[in-house]
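Trainee: Each protein sequence line maps, in turn, to chains A and B.
Okay, so the first sequence: first residue is 384 according to this note's numbering, each after it adds one.
Okay, so the second sequence: first residue is 5 according to this note's numbering, each after it adds one.
Treat the hints with care, since some could be wrong.
Label pairs and their calculated CB-CB ranges [said to hold, decoys possible]:
hint	chain 1	residue 1	chain 2	residue 2	range
1	B	240	A	455	30 to 38 Å
2	B	61	A	486	41 to 49 Å
3	B	67	A	455	37 to 45 Å
4	A	529	B	416	40 to 48 Å
5	A	417	B	170	16 to 24 Å
6	A	505	B	170	24 to 32 Å
Listed below are the simulated SDA-like cross-link pairs for lysine to any residue, each with C-alpha atoms no more than 25 Å apart in a straight line [to be verified]:
hint	chain 1	residue 1	chain 2	residue 2
7	B	160	A	419
8	B	149	A	544
9	B	414	B	282
10	B	160	A	538
11	A	499	B	216
12	B	102	A	533
13	B	152	A	543
14	B	37	A	543
15	A	499	B	173
16	B	160	A	453
17	B	98	B	27
18	B	37	A	546
19	B	152	A	544
20	A	518	A	508
21	B	102	B	151
22	B	149	A	534
By construction, these hints were calculated from the structure, which means they are not laboratory data.
Where is the CB? At the ideal position from N, CA and C, for every residue including glycine.
Here's the letter readout for the chains.
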Amino acid sequence: MEIFNSLATVSFYGVLVGILAVAILTVTTRNLFHAAIFLAFTLLGVAVVYFFLQAEFLAGVQILIYVGAIMTLVIFAIMLTSKIGDPNVPQSNRQRYPALILILAFAVFLISTILKTSWNTTETLQTTDAIRLGKALMGEFVFPFEVVSLVLLIALIGAIVVARSDQ
Amino acid sequence: MNAVDSLFFIRSEIFLAAVIFVVLILDFFIQQKRWLGWLSVLSILIAFFLSPSFYPDSGLFFNYYTLDPFGFFFKTIAYLTIGLTLLASLAYEKIPQKQAGEFYVLLLTMALLLTFMGGATNLLMIFLTIESVSLTSYLLTGFQKFDKRSSEASLKYVLFGAVSSAVMLFGMSLLFGASGTIELSQIGELLKSSASIPQNVLTQTGGANTHGMILMGMLFLMAGIGFKISMVPFHMWAPDVYQGAPTPVTAFLTVAPKALGVAVMARVLFFAFPDLVHKWAFLMTWISIATMTIGNVIAISQSDIKRLLAYSSIAQAGYILAGLATPGELGLQATLIYIAAYLLTNLGAFFTVIAIERNLESNELEAYNGLSVRNPLLALVLTIFLLSLAGIPPLAGFIGKIYIFSSAIKAHSIPLALSIALNSAVAAYYYFNVVKAMYLAPPKVKEPLTNPFPIKLAIGTMLFGTFLIGLWPSLIIQAVVKSLANFPIF
Numbered sequence: 384m385e386i387f388n389s390l391a392t393v394s395f396y397g398v399l400v401g402i403l404a405v406a407i408l409t410v411t412t413r414n415l416f417h418a419a420i421f422l423a424f425t426l427l428g429v430a431v432v433y434f435f436l437q438a439e440f441l442a443g444v445q446i447l448i449y450v451g452a453i454m455t456l457v458i459f460a461i462m463l464t465s466k467i468g469d470p471n472v473p474q475s476n477r478q479r480y481p482a483l484i485l486i487l488a489f490a491v492f493l494i495s496t497i498l499k500t501s502w503n504t505t506e507t508l509q510t511t512d513a514i515r516l517g518k519a520l521m522g523e524f525v526f527p528f529e530v531v532s533l534v535l536l537i538a539l540i541g542a543i544v545v546a547r548s549d550q
Numbered sequence: 005m006n007a008v009d010s011l012f013f014i015r016s017e018i019f020l021a022a023v024i025f026v027v028l029i030l031d032f033f034i035q036q037k038r039w040l041g042w043l044s045v046l047s048i049l050i051a052f053f054l055s056p057s058f059y060p061d062s063g064l065f066f067n068y069y070t071l072d073p074f075g076f077f078f079k080t081i082a083y084l085t086i087g088l089t090l091l092a093s094l095a096y097e098k099i100p101q102k103q104a105g106e107f108y109v110l111l112l113t114m115a116l117l118l119t120f121m122g123g124a125t126n127l128l129m130i131f132l133t134i135e136s137v138s139l140t141s142y143l144l145t146g147f148q149k150f151d152k153r154s155s156e157a158s159l160k161y162v163l164f165g166a167v168s169s170a171v172m173l174f175g176m177s178l179l180f181g182a183s184g185t186i187e188l189s190q191i192g193e194l195l196k197s198s199a200s201i202p203q204n205v206l207t208q209t210g211g212a213n214t215h216g217m218i219l220m221g222m223l224f225l226m227a228g229i230g231f232k233i234s235m236v237p238f239h240m241w242a243p244d245v246y247q248g249a250p251t252p253v254t255a256f257l258t259v260a261p262k263a264l265g266v267a268v269m270a271r272v273l274f275f276a277f278p279d280l281v282h283k284w285a286f287l288m289t290w291i292s293i294a295t296m297t298i299g300n301v302i303a304i305s306q307s308d309i310k311r312l313l314a315y316s317s318i319a320q321a322g323y324i325l326a327g328l329a330t331p332g333e334l335g336l337q338a339t340l341i342y343i344a345a346y347l348l349t350n351l352g353a354f355f356t357v358i359a360i361e362r363n364l365e366s367n368e369l370e371a372y373n374g375l376s377v378r379n380p381l382l383a384l385v386l387t388i389f390l391l392s393l394a395g396i397p398p399l400a401g402f403i404g405k406i407y408i409f410s411s412a413i414k415a416h417s418i419p420l421a422l423s424i425a426l427n428s429a430v431a432a433y434y435y436f437n438v439v440k441a442m443y444l445a446p447p448k449v450k451e452p453l454t455n456p457f458p459i460k461l462a463i464g465t466m467l468f469g470t471f472l473i474g475l476w477p478s479l480i481i482q483a484v485v486k487s488l489a490n491f492p493i494f
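The whole structure should be built from the sequences, with the hints applied where relevant.
Mentor: Here it is as structure tokens:
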């Protein structure tokens, strides 16, 4: 049993490192189409993290929405826009090095704070199934739920207004 | 309070939601879109008078929507801004007629979302409402989609907004991780208790050493909200967006989201971080000084009136934040009074710009030469609004400035008081530049300017309000004192 546990820990960290690697590739690769593919892998990796933390529902939703729907949309957008897929379009500007230094300094600061904090962790995992999730959405969370539905409607109307070609 | 009992208290919001659908459906049948506009204005008025006359004891919908006097004050601000923007856009021909119906629907939804934003007291609702208000703002900014500048402004706004939302969400996740709750007041209590309980007890129960993390979360959260209220150094999007958006939308964007952003900021700071008051008050002091100075200094060199007012509105955000930089009763009162005065004055100035723009087809300062000859009344009105923005008595802006200034003095914040005084002088210079062009420069053409009724009504209302607050300040002061009655001021 011991060996399974340590195997799980190792593979968990492996996934995290993998996510970081493809995320960096996403922002550094020159070809936008490749960047989109790497982004899909990043999002898939996040779904795997959710599986590890036993949030299966969230993991399923992550794959369905991000990897399935949104990435398809992104790739379509890239393929339909004429010049954007050109690898010669620069991916960065002159401010990259100052920005990098600032971000690194900030990362050091943030990581040291995270390590210093004693996080409020529990040993027993809270399991959430779809039924309880649904009940909570219609019970305690009904107000945010309804607000979101209103926003979705508005986004739909807005998208039609923006996309319609007539004057 | 559970969902069914809560319904009574949100009847004005339910009414507005119903009107949104009615307008959407009527849009199919009605060819004269301005009737839809009038219907929207009327329904905002009705919805406002439908608001319940008393407040519930606890948060509505399981504490996801808080209806208190503070929220009601900002609801009034939101309704007033939306109603008058609707009126002004009735006279603005550059919104494509075919899409006017959708334009009114978006503005009505905005009223609803802004109300919810003013009543948000937990992280989930804060994120949700800020995000949805931003989403609607992007759409409104890009509404003249055949105008390149409008599309560019919209895209810029989306990109900046997305980054700021991500930053804010990251801060929220840190706060949630450190405190284990999304309720603002519970974060505040946790901070308070972790200060009083000895460290060794805390280490056993968890929750120790969370101080640094909570501070970090607070900074991220403030940066995210700061983007929305164009606070320096997160103001870069503002001038381009304000210049590119259709003018009625610009008028709206410079007032309502900013005011509601300040409301959320006040709730976050006073509910969740009362124990960190010295840290954030210090931070706010310098942010406020930077915001007003940078806004005013760049405004001097602008030659486009919309851009000039955009930078001026950044500077005005600095004055509003000065009230939060001097935490306490007077500081909060100053913030609210300044917001009310700023609403009337800034909307009025932008509506006058609309009235002039639809005649001149230009927003260049040069086009304003000799306006006093072509339409003396309009020139006088714009002068009054600019004087009020500069803080000249007996106008509304003066009352706001007095309060901000005295709260800075009372908090012994000398740099802040000094900066307010100096900035007022700088601002007066570029406001008077516009006045000079209108009165002293000779006009190129002499044909007079004419305007339809709705825009006249909107400008008239603002003018009335500016004088009303300026001459009878006790009206607004009493309203503000009442709306802060239940607000926890340490």
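Trainee: Hints first: check each against the structure and report whether it holds.
Mentor: Consistency of the hints with the structure:
Separation of residue 240 of chain B from residue 455 of chain A is about 33 Å and conforms to the stated range, judged on CB atoms against 30 to 38 Å. Take residue 61 of chain B and residue 486 of chain A: their Cβ atoms lie about 47 Å apart, and the range 41 to 49 Å holds. Checked against the hint of 37 to 45 Å, the pair residue 67 of chain B and residue 455 of chain A passes, with Cβ atoms roughly 38 Å apart. Taken as a hint, the range 40 to 48 Å holds for the pair residue 529 of chain A and residue 416 of chain B, whose Cβ atoms sit roughly 47 Å apart.
Between residue 417 of chain A and residue 170 of chain B the beta carbons are some 23 Å apart, a value that agrees with the proposed interval 16 to 24 Å. Against the hinted window of 24 to 32 Å, the Cβ-Cβ separation of residue 505 of chain A and residue 170 of chain B comes to about 28 Å, which satisfies the hint. Proposed proximity of residue 160 of chain B and residue 419 of chain A is supported: the alpha carbons are some 21 Å apart, at most 25 Å. For the hint pairing residue 149 of chain B with residue 544 of chain A, the CA-to-CA distance comes to about 9 Å; that is within 25 Å, so the pair holds.
Taken as a hint, the residue 414 of chain B and residue 282 of chain B pair is honoured in the structure, with Cα atoms around 16 Å apart against an allowance of 25 Å. Restraint check: the Cα-Cα separation between residue 160 of chain B and residue 538 of chain A comes to about 18 Å, which is no more than 25 Å; the hinted pair holds. For the hint linking residue 499 of chain A to residue 216 of chain B, the alpha-carbon distance of about 8 Å falls within 25 Å, and the restraint holds. Of the supplied pair hints, the one linking residue 102 of chain B and residue 533 of chain A holds, its CA atoms being roughly 23 Å apart against a limit of 25 Å.
The straight-line distance between the Cα atoms of residue 152 of chain B and residue 543 of chain A is roughly 19 Å, inside the 25 Å bound, and the hint therefore holds. Only pairs whose Cα atoms come within 25 Å are accepted, and residue 37 of chain B paired with residue 543 of chain A is accepted, the gap being roughly 18 Å. A C-alpha spacing of about 21 Å is found between residue 499 of chain A and residue 173 of chain B, which places the hinted pair at or below 25 Å, so the restraint holds. A distance of roughly 21 Å separates the Cα atoms of residue 160 of chain B and residue 453 of chain A; the hinted pair therefore holds under the 25 Å criterion.
Taken as a hint, the residue 98 of chain B and residue 27 of chain B pair is honoured in the structure, with Cα atoms around 21 Å apart against an allowance of 25 Å. Using a Cα cut-off of 25 Å, the hinted pair residue 37 of chain B and residue 546 of chain A holds, with the two alpha carbons roughly 21 Å apart. The straight-line distance between the Cα atoms of residue 152 of chain B and residue 544 of chain A is roughly 16 Å, inside the 25 Å bound, and the hint therefore holds. For the hint pairing residue 518 of chain A with residue 508 of chain A, the CA-to-CA distance comes to about 20 Å; that is within 25 Å, so the pair holds.
At roughly 16 Å between alpha-carbon atoms, residue 102 of chain B and residue 151 of chain B fall within 25 Å of each other, so this suggested pair holds. With a CA separation close to 21 Å, the supplied pair residue 149 of chain B and residue 534 of chain A stays within the 25 Å bound.
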